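Number of protein chains: 2
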Amino acid sequence: MAPPKYARKMKVFTRIGPLRAFLDEQKFSGKSIGLVPTMGALHSGHTSLVQASRANGDFTVCSLFVNPAQFNDPADLAKYPRDLAADERLLSSAGCQALFAPDVAEMYRQSSQTRFDFGQLDKVLEGKFRPGHFSGVALVVSKLFNIFHPHRAYFGHKDYQQFKIISMINQDLNFDIELHCLPTIREPDGLAMSSRNVRLNPDERQHASSLFRNLTSAREALLKGMSWQAVREKAEKNLQSSGMIRLEYLELADKDTLQTDKLDNLGNGILLIAAIVGAVRLIDNLPIK
Amino acid sequence: MAPPKYARKMKVFTRIGPLRAFLDEQKFSGKSIGLVPTMGALHSGHTSLVQASRANGDFTVCSLFVNPAQFNDPADLAKYPRDLAADERLLSSAGCQALFAPDVAEMYRQSSQTRFDFGQLDKVLEGKFRPGHFSGVALVVSKLFNIFHPHRAYFGHKDYQQFKIISMINQDLNFDIELHCLPTIREPDGLAMSSRNVRLNPDERQHASSLFRNLTSAREALLKGMSWQAVREKAEKNLQSSGMIRLEYLELADKDTLQTDKLDNLGNGILLIAAIVGAVRLIDNLPIK
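Line order of the protein sequences matches chains C and W.
Residue numbers for the first sequence follow the numbering used here, beginning at 1248 and rising by one.
Residue numbers for the second sequence follow the numbering used here, beginning at 1248 and rising by one.
These aren't lab readings, by the way, just hints derived from the structure by calculation.
Any given hint could turn out to be false.
No copy is singled out in the list; a pair is fine if it fits within one copy or between any two copies.
[To be verified] In the SDA-like style, the derived pairs of lysine to any residue whose C-alpha atoms are separated by at most 20 Å in a straight line are:
#1 K1274 to K1502
#2 K1481 to H1290
#3 K1411 to R1262
#4 K1411 to R1362
#5 K1375 to F1306
#6 K1278 to A1268
#7 K1411 to E1335
#8 K1471 to S1414
#9 K1256 to S1279
#10 K1471 to A1322
#11 K1326 to R1301
#12 K1274 to H1398
Nothing here was measured: the structure is a model prediction, and the numbers come from that model.
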């Protein structure tokens, strides 16, 4: 039986030093490096990023690290799904050429004191509900950017605010990496793919699709001219009617600044939602245009 | 007349793109890169860093950029001495092989929102008297590290707390550059060389040497067993007797943490001082051992 298309090619590293030496070899031979940072528990959203990197001609490398610094809730960290063997198989067959899967001690050699602040951008939406989250994201992404020195890096649109934060450090700290934000991959009923979805029971899973359904209805109503206040009231009522969903926020924000108080042009808006379904916190978003 | 030893070799860049391309060529040809970041108005302290880098066999590059983000006092920024032509001559003859001298627009393409916080380390000493200073330092050094990707970087011991901050981002963000902290270069009377010294009038210049004189006396007294409280009182009285010097702080700190409240072992201590002489703010320090 023939091995999967890419299966023999993926090298796995757990230490920074050997990974850097290997990447230097690739760069010296003229290859561009494409990085797909992940926290494992991989799904089609992740493999779409790997495929995009391969399609751009990059030597494609993934990181797999559940970053404690970005979990404000220890229970969420403890319950975060992990299955390294399955992840390795999925990445390998998606075309990933090298995987970096360090342990916490390799990534945090001493307790880190460095914290980031991003002005207004990390005070709203996720930043408001997950204090410290984006500082932890910025820290680990800075680490990964410095470890890989990639030419391009690939992220999913589902974590839209995260992408804005990463774009900010990329500019402000002059990483100057070409960042790609790729479309959210969805289940047939519209639910955004997420590592956390596996923690939903069948009943919760069914209700979870109402997040995206209400985003699309809200967009439609806004485009028809309904006021944001009326749209929000209706969506909030819909979402909470079953009693299965506890809404954290539903906002219409400027897609560049993520501020909710000054959207002059609806076309520049994005709807963002966070809700707890059963015991699982889910997010999603939908640009107006 | 023969040109100075190195004069013809120094390339000067004002843009990031061409500099990166040039540095990549050096790296691809197997050279290690040694970076000496400066704010210009150069003196023997700076040239000693260039010489150390050359002695290590590095291809030696300097940056010259007066970084607005690290000046908490706009008047200090406005008065900061600038003489690019003289700086170029000095660096060239000291052995610098390439100089990066960008303008503010090249380094800050859009207004930066990213701020850093370093826990206790940036709340004491300089951090206490210059709010925002170390966030600005960390931002520009992160930029420079990402622009140059050097193997080694060289800093002076006079800015000791700055070196600790840079060591922290180097570890926490995994720049993993080999950092060198080189001895403070002094005038014959002990005054630490500083770009700001040229702003002292002759009378102030004479009094400025009492900073180092009092640091050495204080160290001697501590090593003889005098209490820190008594040593500090005496030094403060000495320093302020002329009426020319306004002391901001004189502290005995742990040389690793820079905390002043828990120094178990005098040998692990460092004396640090900041004072305003005339209109010029000066700093200095002296390790106990």
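Checked hints:
1. K1274 to K1502: neither (35 Å within a copy, 40 Å between copies)
2. K1481 to H1290: Neither: 32 Å inside a chain and 68 Å across chains, both beyond 20 Å.
3. K1411 to R1262: Neither, since 29 Å and 26 Å both go past 20 Å.
4. K1411 to R1362: Both ways: K1411 and R1362 sit 17 Å apart in one copy and 15 Å across, limit 20 Å.
5. K1375 to F1306: neither (37 Å within a copy, 46 Å between copies)
6. K1278 to A1268: Answer is both; intra-copy 14 Å and inter-copy 16 Å each pass.
7. K1411 to E1335: neither (28 Å within a copy, 39 Å between copies)
8. K1471 to S1414: Classified as neither; 32 Å inside a copy, 56 Å across copies.
9. K1256 to S1279: Result: close within a single copy only, 17 Å intra versus 31 Å inter.
10. K1471 to A1322: Neither, since 42 Å and 54 Å both go past 20 Å.
11. K1326 to R1301: The answer is neither: 32 Å in one copy and 52 Å across copies each exceed 20 Å.
12. K1274 to H1398: both (10 Å within a copy, 16 Å between copies)
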